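Starting from the structure of chain C, add chain U where the hints point.
Each chain, written out:
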Amino acid sequence: MLRASVIERLAIATASTALALLIGVTIVAAAGYDPAQFITSMIEGAIGGQSAIARTLRFSTLFILTGVAVAVAFRAGVFNIGVQGQFVVGGFATIMSIIWTAPLLPEGAVGGVGLLLVGFVSGACAGGAYGALPGALKAYANANVIITTIMLNFIATGVVGWLVQNPFRGEGNTAPNTERIPEYVSLPRIVFDSPGFSIIGLGIALAAVAVIFVVMERSRFGYDMVTSGHQESAATYSGVGAKRTVVLTMTLSGMVAGVAGAVFAIMIQGYYTDPSGIGTYGFDAIAVSLLAANNPLGIVPAGLLFGGLDSAGSHIGIYTDVPVQLIDGVIGLVILFVSVPELFRMAAQRTGLGGENR
Amino acid sequence: MSVADYAAGKRLRIAGIVAVVAALAVATVAMDLQIRKIVTTGFVERSLQAATPIALTAIGGLYAEKSGVFNIGVEGFMIFGAATAATMMWIISGGSPGQGDVWLAILASVLVSLVLAVAFAVLLIRYEADQIVAGLALWFIGLGFGPFMAVLVWDSRNSPSLESINDLTVPVLSEIPVVGPILFDTSPLVMVTAVLAVAAWKFLNDTRYGYWIQAAGENPEALDTAGISVTRVRYAAVIFSGVMAGLGGAVLLAQAGSFTGTGETMVSGRGWIGIVAYLFGNYNPLGAALAALVFGGLDMLQIQLQTAGIDVPNRLVNLFPYAAVVVVLTVWGSTRTPAAVGEPYESEE
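One line per chain: the protein sequences are C and U, in this order. With my numbering as the guide, the letters of the first sequence map in order to residues 505 to 862. With my numbering as the guide, the letters of the second sequence map in order to residues 1210 to 1558.
The shape of chain C in the complex, shown without the other chains (with noise of 0.2 angstroms):
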């Protein structure tokens, strides 16, 4: 899957996404409901108006941070699962880290600064150490780390749902919530005016997409992580501990999932609730880094038509009586035939069109 060219994964993603987005509408009519007005009110909820657009891109934002932390992970020939976990123990992290250094820095602008780094520094740390443990449990034990990831992402949002009702509930709530992080630690609205979206945001989630593309295509570590992923005796040959590597791309992965948590912990909530709750942003990933072949300049487009396609998703749910449900089989199928380019491959050389150039 990883051989095919630039213009054949576009055409895949294209028409994966028409495909699945086609069966979906086909449900909508067969459920009984009006497929016209699915659409219009897919688009509306997508890019009608600034609001929307401002919910497209905090939805973006994530799954561009998301997909890069996938992405990682996958180019290195590991498969990290488990950026839902990740992702739920950075958030959770960066919270509680800014509400317990608050009283020791000053009020204001300054101790908000402050505040973020050590929230974004925390994110990142708690989210690269939950990714690091599974990577060295493959590297050393030999265990499946796609099914320790899975199991770790239960295992996180069972103990930080427990954490977050228990000891760490904040004072008087009656919600299982954390007490709310200080108002003056904030990313600030530039541009859009809209709630749980700072242009900030998205810039974070861009510079990481730069950095991740600098690490992986420009540098040394970056040349092994990928050798050792497809080739590992030739990696070993030439001097690259294959076990290192492995534990070393699982804690970068989740690091950039540590800091995506800390991005919605901060942009989005202010405090942190349930993760059972929160939504399956690191799942979702996986389809994101996928459709945009484990490149990290994919994940940007990738991430926006699945930041769109949430989007109009929670715009459908409050809109119309389609259940919103569907816009999540309907990511499923994409993932389900983004998987499988053989099928489109056939279906070009059956239509004659141009699936000669395998």
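Simulated from the structure, these hints should not be mistaken for laboratory data. Quick caveat: nothing in here was measured; it's all calculated off a predicted structure. Wrong hints could be hidden among the right ones.
[Claimed, not checked] Some chain U residues judged to face chain C by a derived CB distance under 8 angstroms, without partners named: (1) L1332; (2) Y1336; (3) E1337; (4) D1339; (5) V1342; (6) A1343; (7) G1353; (8) F1354; (9) G1472; (10) G1478; (11) V1485; (12) P1522; (13) N1527; (14) L1538; (15) T1539.
[To be verified] Computed footprint of chain U on chain C; a stretch qualifies when at least three of its residues, placed anywhere within it, have a C-beta under 8 angstroms from a C-beta of chain U: (16) 649-658; (17) 665-675; (18) 823-834.
Beta carbons: idealized from backbone N, C-alpha and C, even for Gly.
Here is chain U on its own, set in the frame of chain C:
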């Protein structure tokens, strides 16, 4: 793998078992647990019931992987199985299901799983889908469409209370102390699962087709040379795994009596635990069923601890199986997978 390595592997396993038993013993003494209050016949019965969906899924997944295809989508099949069984039960009975409808719903759910499994197998085998990614995709589709079906039918992600399966009581035999109530006064689905586990074990190890399945995963070229279609064997195994996982989901629903579509849905990771169960059981259907029983027991332990008056936070005890899986994989990590798993096979004719 040399003999010494093998012995070392075994030693690790033995050490693992000893460590677990020792830890349990220490915990028992230290916390003054009353084993008698915890390990009751009711507990064993409930553990068996909790184990059935996991065991069914595990046996199916094992067959697929033995044949050379890693069906990581079993969690998705379970969600579809449970959601279909619930909606079918509702539709067949017109809103007030009885015992007969439970059985019909299970049957209908198996048929729907069969259709799904065929489509999935075609994608995996004919179109050489990336097995990991396609399997994950199936999970996501299940997470979306399971609750979607529930919303369509009941306007809510959760179904109202439907009907759960009654225990089957065998007269006379059920009056044998201890063994009676566990074996002869329990859910018939437990019986069905036990029979299926033994049959699956017999079939895999004692029939020609069972050998073909193993050969398709270990040495497809040899099987091909012997004139057996590797593709056909793999189709059969993957379809079987999807149907078994769908049945697992339906059984889960039949025991719970209602569909829950919030969070990770009512299946809540049991498919994943099923995969671990057959790794743990070293690709032996009976071993997988026993491993499922261990996970089922862990699942039920929390209720038992509560009734015994031991206050442990619910949410944390629920995580026990997941943590156990990580530990098990760490200790048992080096399970040998069939040689040709994950590679599409193309015949050279």
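Which earlier hints can't be squared with this structure? none
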